[in-house]
Amino acid sequence: MSNEHTVKSYEEELRYLIDSVIKMGSLTESQLVDSMDAVIKVDKDSIDKIIKSDDEINKFRSKIDTQIMTLLVKRAPMAIDLRETISSLKISQDLERIGDLSKSNAKKVKPLPLDLPEELLGNLKRLGELVIKQLNDVLDSYVNKNYDKAKEVWEKDEQVDDLTYIAMESVIDFLSKDKKNLDFSTHLIFATKNLERAGDHITNIAESICYLIKGEYLKGSRPKGKVIQQ
Amino acid sequence: MELMNNVKIKSKNLNVYYGEKQALFDVNLDLNEKEVTALIGPSGCGKSTFIRCINRMNDVIDICKVSGNIEIDGVEINDKNLDVVSLRERVGMVFQKPNPFPKSIYDNISYGPKIHGKGETKSELDEIVENSLKKAALWEEVKDRLDEPGTGLSGGQQQRLCIARAISVNPEVILMDEPCSALDPIATAKIEELIDELKKTYTIVIVTHSMAQAVRVSQKTGFFHLGKLIEVGKTEKIFKNPDNKMTQDYITGRFG
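Residue numbers (the numbering used here), protein chains in the order written: chain P, 932 to 1161; chain W, 289 to 544.
Isolated chain P (complex conformation) (with noise of 0.2 Å):
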């Protein structure tokens, strides 16, 4: 933002809500970790926490909620600042959509074997290792404002999209040669696609960041990868 407002407490709400974007996201992105670590790990104790982890992200969503509807009745906010208090509204909502597929991803390590074989989850370790640096990098771009970057993210669903495509084909591969691995499958496929969810979630929120910065939403459709195109 460029010089404060004459209304000081005006300036100071709008801080705090955009504070608490960030807050957010630096949770959702811990939360994303954590999962995607359990899973890799088949790490059964730490589940628990996860899920909690989303209701502290859910009560962020609600607290968010209430900042902009306050914005709203009192400041009637115009120009950057209404774009401001939208794209809270639309980040905070993707956030907690990305929360929910972490915490689902989580409870996916429950009914999962302890000696899951490296090929299995190779790929959808680089998925995870690709969807958590996207988050990191559209709240990057969020705090400092940078429209090249969010781009940059939008433009890069498509490599999400291709690997998810890849960690697909190596569960289903997994699969095809003994049927009594179909139960934790299934589960290795939904976490996979869980991931690529995310990945869309975030590109959502790359498109905000942008709209937020120059006032008008990417043009054309954003790339995709094979997985969408088949």
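Don't take each hint at face value.
In silico DSSO-like links for lysine-lysine, alpha-carbon gap of 30 Å or less [claimed, not checked]:
#1 P:Lys939 with W:Lys533
#2 W:Lys478 with W:Lys300
#3 P:Lys1021 with W:Lys522
#4 W:Lys528 with P:Lys1005
No lab work stands behind these hints, which were simulated from the structure alone.
Add chain W to chain P, keeping to what the hints say.
Frame of chain P, contents of chain W only:
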């Protein structure tokens, strides 16, 4: 792309001086026909001075000097030979504070048509009064007491009476200088609804200090600062994503 209406009023390099002090600097602004244009900006920025140029109200100020052009339908109105009375018949004005004549409601409306030679018979005048009050959404409230003084009406009704008075001579343009700043929210809402209706017939220019009002009533917004037109564009664009930083600072309350 959305089609814009024809340009009704065109100002070109308009400069206004009050004695030594320059109040407007090279203002170039097009106002579209049958549209509402809102002019915003801090006090003293020149927005009222600008609209007063459109019906040559500045003529009544001795020290005021106007240079540059203002055209209505392509005709220059700063021409010395132009009949100012007929110009003001075409360009009506409503002020911040409702200022009905100290006369009856009926006379408030019929006065203008009478002096402009419209409505020669009583029944013609009756018709003008009724139509004007109807267009100003006041008829139902006053039809049974047309002989009562206009000053006895509520503030909001008085303002609608002034709008009816402006309409009575069948103008093409209505200038409104902060028409709602002395009114309560309900009376303001009624005037805003009325403006929406009136724009089907008239070209309207409104000066307002309420950003929300500018958004609600206008299709085009111009932002003035220190006598200069800083930015003009579609209202939605100005309030969502203005091009100029000064505009943004003003509408978001970051000025000074």
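A quick look at each hint next to the structure:
no. : hint                    : result
1   : P:Lys939 with W:Lys533  : holds (20 Å)
2   : W:Lys478 with W:Lys300  : violated (34 Å)
3   : P:Lys1021 with W:Lys522 : holds (25 Å)
4   : W:Lys528 with P:Lys1005 : holds (18 Å)
Consistency note: the structure conflicts with earlier hint 2 alone.
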